[in-house]
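What follows is the residue order along each chain.
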Amino acid sequence: MNSNRNLIMNFSSDAETITDFEKFEEYFNAYKSGASTVGGVSMEKAHQNAQAFLTKQVEKITNKKSADWSNNLKQYCGFTDVSEAAFSVLAVLTDMIIPNSLLTQLAPIAEFHNMAWGDTLKIQLKPRDLFMPSKIGRGKRLGNVRRMYDGEVTIPTYLRETTVGIDYYDILTGKYSLAEYVAKASAGMEAQIRYDVWDAFGTAVGALDASGSAQLVYTGYTQDTLVALAEKIGAWNNSPAVILGTKTACSKILPASTNYRFDLESSYVKEGSVRDFFGTPVIQMEQIANYATEFAVKLDNTKLYVVSPAQQKIIHVGMEGGALSTVREAKESAHLISTGTIMKSWGVAAATSALAGVITLN
Amino acid sequence: MAYGIVELLAVAADNTDASVKTFISSDNIENGSVFTLGAVVSGQEDEFAAVKPATATLTKQFYMAASPTRVVTVINGQKFYDMVKDPRAFINVAGEPIDGVMLKIGDVVRLSADALAGTYVGSGSVTTHAVATDGAYKLTWATAAISGLSLKHIRTSYIPVAGGFGSQRVTAYDFVVDAVA
Chain A
1 MNSNRNLIMN
11 FSSDAETITD
21 FEKFEEYFNA
31 YKSGASTVGG
41 VSMEKAHQNA
51 QAFLTKQVEK
61 ITNKKSADWS
71 NNLKQYCGFT
81 DVSEAAFSVL
91 AVLTDMIIPN
101 SLLTQLAPIA
111 EFHNMAWGDT
121 LKIQLKPRDL
131 FMPSKIGRGK
141 RLGNVRRMYD
151 GEVTIPTYLR
161 ETTVGIDYYD
171 ILTGKYSLAE
181 YVAKASAGME
191 AQIRYDVWDA
201 FGTAVGALDA
211 SGSAQLVYTG
221 YTQDTLVALA
231 EKIGAWNNSP
241 AVILGTKTAC
251 SKILPASTNY
261 RFDLESSYVK
271 EGSVRDFFGT
281 PVIQMEQIAN
291 YATEFAVKLD
301 NTKLYVVSPA
311 QQKIIHVGME
321 GGALSTVREA
331 KESAHLISTG
341 TIMKSWGVAA
351 ATSALAGVIT
361 LN
Chain B
1 MAYGIVELLA
11 VAADNTDASV
21 KTFISSDNIE
31 NGSVFTLGAV
41 VSGQEDEFAA
51 VKPATATLTK
61 QFYMAASPTR
71 VVTVINGQKF
81 YDMVKDPRAF
91 INVAGEPIDG
101 VMLKIGDVVR
111 LSADALAGTY
121 VGSGSVTTHA
131 VATDGAYKLT
141 WATAAISGLS
151 LKHIRTSYIP
161 VAGGFGSQRV
171 TAYDFVVDAV
181 A
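As given, the protein sequences belong to chains A and B, one line each in that order.
Be aware that the first sequence starts at 1, since it is given in the working numbering, and climbs by one per residue.
Be aware that the second sequence starts at 1, since it is given in the working numbering, and climbs by one per residue.
Honestly, the hints are just simulated from the structure, not real lab data.
Treat the hints with care, since some could be wrong.
With a Cα cut of at most 20 Å, we get these calculated DMTMM-like pairs of lysine to aspartate or glutamate [unchecked claim]:
#1 A:K122 - A:E111
#2 A:K140 - B:D14
#3 A:K270 - A:E294
#4 A:K122 - B:D86
#5 B:K85 - A:E271
#6 B:K85 - A:D119
#7 A:K126 - B:D86
#8 A:K126 - B:D82
#9 A:K135 - A:D119
#10 B:K104 - B:D27
Bear in mind that the values here come from a model prediction, so they are computed numbers and not experimental data.
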């Protein structure tokens, strides 16, 4: 196994370059969060620095100086090795940015594992049960010989690919940029991983028992149901539970007594939900767009999940190898279409000895 | 398909080397299944054929398969070991040595539901025993003891097996050996 960090270290042979990559990551995160400055410089300056960084890496790989082609930059960008180098740098950046970006939001439920090409992700599981004692006579040497079994879950990875293309004529007129399309394809990969994680989580938790003493799936919110579920999850995981939900779902977490009052400065009004509910923290999950259906959202606004984030994560994501990219120049195509392709391989599955529960709101 | 799991909770064979024998069979045999002692395997000092229960042998001394759960996967005749880590995937593959434990009256064993043929329909007077059956290695649920190997159901239990997500308890039944002949 290796890590994407190692890939980046291999790609960038000197400390200065590594620092530049880290700065780019910082810039990306600041850009995404809507910050106006990053690292003490304006976003505009940071954007210029990012462009300069990309150019420097491409020049380093191709040994072609863009300054020598300043009178005909289009020709420079048209060189096969230049475009290949540009997309390989983008692929490395994608590897660096995707896990970090996902980690931030999926940390309570998912763990990411970076693997080399050809690796298979295996999650080792230990039973959560204990051996409980029984009464025995004072003259007996052994009790019943009992045992329990470890488990292992293998998570296969599958290659995903997105190809985008634009007409050569549109490149010449400057109407469209292949790089912009590829950036959107990368964002699509990130979104798909996020969907896969939430789908696997929702399916796994939804399939748990909905009745009896093993019940972990409930329909209908009440204060008692939520508090009891949080107690049960915390007790069986031997780790404090938290409540997860979208802003809409979390706003429904209110005490049974209707005599509550809150002022405009309260956390309920300012943040959309209470921060803690009877001693259990409430964490709002950022809603995400569901690009499969226009204007749909992915996270279910009617579900409150209870998990123990400090225990083993429910969902495991195996990222196989790094992102790959290939570029086909327009002139290599019979109908003059330039394409960019991003490939990435990952697998997602529920594999854990930790427990979770869910309440579907009324 | 899930195979049977056995736990030898308290058996006389625990303290007697002669009560633990090595068997071989041309059939795949699950842990928790039973057989009688066949001929010693030619050229082997301590390996016996496992004989499938038959009407004529129901009152003979039985042995129960209880091998370590080292899962064997056979692909194109090649054997691969431990590709799967789950006792429910384990079966004593034909040709592999089987650890057979001599059952004695008073022995207490725990068998997963998959180790038994038939259906458990409740304690009391309904399914009270698991018995040796003509033409089958697996013990079969029965409403009474037979003239032959009979295990009395004493408790419904579980065996912890980690895997996937959610419940980790495999339904099991505890028995005490009631009769061996």
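Cross-check of the supplied hints:
{"no.": "1", "hint": "A:K122 - A:E111", "in the structure": "13 Å, holds"}
{"no.": "2", "hint": "A:K140 - B:D14", "in the structure": "14 Å, holds"}
{"no.": "3", "hint": "A:K270 - A:E294", "in the structure": "29 Å, violated"}
{"no.": "4", "hint": "A:K122 - B:D86", "in the structure": "13 Å, holds"}
{"no.": "5", "hint": "B:K85 - A:E271", "in the structure": "46 Å, violated"}
{"no.": "6", "hint": "B:K85 - A:D119", "in the structure": "18 Å, holds"}
{"no.": "7", "hint": "A:K126 - B:D86", "in the structure": "12 Å, holds"}
{"no.": "8", "hint": "A:K126 - B:D82", "in the structure": "17 Å, holds"}
{"no.": "9", "hint": "A:K135 - A:D119", "in the structure": "48 Å, violated"}
{"no.": "10", "hint": "B:K104 - B:D27", "in the structure": "25 Å, violated"}
Against the hints set out earlier in the document, violations occur for numbers 3, 5, 9, 10.
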